[in-house]
Structures are given as structure tokens and as C-alpha cells.
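Please model the complete structure; the sequences and the hints are all you need to start from.
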Amino acid sequence: MLEHCVLALLAGGERYGYDLVAELSAAGLLASEGTIYPLLSRLRKEQLVKTAWRESPSGPPRRYYALTERGQVALDGFRPAWAEFSSAVDKLLERGRT
Amino acid sequence: MPDTDLHPLVHDYLARLTLEAQRLPQADGTELVADITEHLREALAPRAGEADVRTVLDRLGTPAELVTAAGAPAAVTTPTASRPATWGAVEILALVALVGAELGFFLVPVSPLAWIVGLVLLAVSRVWTPTEKLLGYLGLGTGFPAAVVLSLAWLVGGVRQTCTGVGCDTGGLTFTNVAAIAVTVGFLAFQVWTFWRLTRAARR
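Chains A and B supply the protein sequences, listed in that same order.
Numbering of the first sequence is given in the working numbering, commencing with residue 508 and proceeding in unit increments.
Numbering of the second sequence is given in the working numbering, commencing with residue -1 and proceeding in unit increments.
Simulated from the structure, these hints should not be mistaken for lab results.
Check the hints yourself; a few may be wrong.
Quick partial rundown of chain A residues pointing at chain B, CB under 7 Å, derived from the structure [as the list claims (entries may be wrong)]:
(1) Glu540
(2) Gly541
(3) Ser548
(4) Gly603
The beta-carbon is built from N, C-alpha and C at its ideal position, and this holds for glycine as well.
Here it is, written out as C-alpha cells:
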């Protein structure tokens, strides 16, 4: 699930690693912030994201991550699957309340 | 920012991460260390205080966690410490030597030697726990001396019984005889139970 959250964030444009971590962490989606890096590495190997080094206005260059076409396809496939899953869970929770 | 600007805690963390990352294929390990180094440079101001550094490192996760998340097999501790001890020649020989010394106590000088070998092997075994070893000493280690003492007592008693006339033991079961038999039977039962306990360790 987390990998699709990363893909969704990248759908809005390229981001560098720390920027992604900060946003996912603020959303409460990361238990250990560092584990995002192995995930990003895996997404890159699976060619769902691509990376490029860019100069930073402050400090050393940063590695930026961007969605590939393949990543976009994966994200598009995940959206309806998640909607279905989420609505199924919602229904169960609702039933449990009554 | 040169490395010398990094907080000592960050240096320490990266050193541990580099060490842990040896569990990964080299390219993956190098990439992980580079990513985390970059993260720490981004997350920490150049003169960050210790509290800030600790907070950032805590949120990052331990080096072992990160390396495991990167797909490394679970951390390996020292193989000798983690390898479960298996039942082997030491344990079999210890039991054979102790029981053999007791049953063949009259075979001097083999029996005392076997007894000593048994005691030593019992002590060095890595299978038995300290409690089991203590049981071994009490239950089986005492067997050989007990057999020697009992047989000497019997010999002395037998010599005494050969006398004739007044003052000789007329035979029959006295209270002392019954007590001695009860103690012997109890001791033998304890020995059998101890033997069973020690062999049971083989099935752990």
C-alpha cells in the first residue's frame, strides 16, 4: 500500500527523497522513516519510478524521483482496487456499529 | 557539507548502518547508506543539538531495521552462540562412563577412571543446563562412590557374620536393614529418574 502512496505523491510531480519522507511521515503512514529508502530503491528497480540528481539551492545535490509510465499504469490499476477494498471495509465497519 | 560537520551520533549511526549493510548485495548497501546520509543532511541543521539528532535518528529506525527492510536476511549473531547445542558423543560418553563406573565399580582401575571421565564430560557438555548437570552429579556422579562404600560395608558385615557364639548377628531383618534397603531402593529410583531426565534433553 505504501508504495502506491509514493506513486500517488509522485503523480503530482517529481520529489526528492526527504521531501517524500516528510509528507508520508506527516500523514502518519511511516513507522520508521528510513524504510522508505529501500522501498524507493525497489520501485526504481521495478522501473515504476526513475531518478535524477539535481542541484539543491542549499547543500549537496539531491536525488529526485519521478513516476515512469509503468508507475502511472500501476497507480491507475491501484485506484479502483483500493476504492473497492476501502468500501468493503467501510461496509463491514458500519455493520459492526449497528 | 563535509563529513566533519556531522554530529558524532550521526557518524556513529552511519558507521553501524555501513556495518549492517554488509548483509546486502554491495550495490544495494552502498545505495542505502548514501540515501540515509542524504536524508540526515536534509533533516538536520548543521549545528543541530543532541536532542534533535536523537529525534531524527529515532524516527529513521535502527540500522538493522533498515537493512532488513532492504531485503537482507535476518541479522546473524555469532554462529556458535546461536547454534542450538545438539546431543552428541560428549553426552553419550558421559552417561556411559558414569553408569559403567557404577555397575563395574569392582573393575579397578578402569572404574575410577571412567567415573572421573564421566564427571568431566558432564561438566563440559553444552546440551545440559546447569540444573541438569547438578542433577547428574547428585544422581549419577554419586553412583560409583556409593557402590564402593556399600560393597565395602557389605564385605565388613559379611566378615562379622562369619563369627560364631554370643554377640554374633543372628540375621533377619532389623530396623536398620529395612532402612538401608529403603534408602538404596530410593537412591536407585532417583538414579533412574536422573538418567531419564538427562536423556530427555536429547529430544529438546
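Let me make sure I understand: some of the numbered hints might not hold for this structure. Which ones are they, in numerical order?
4
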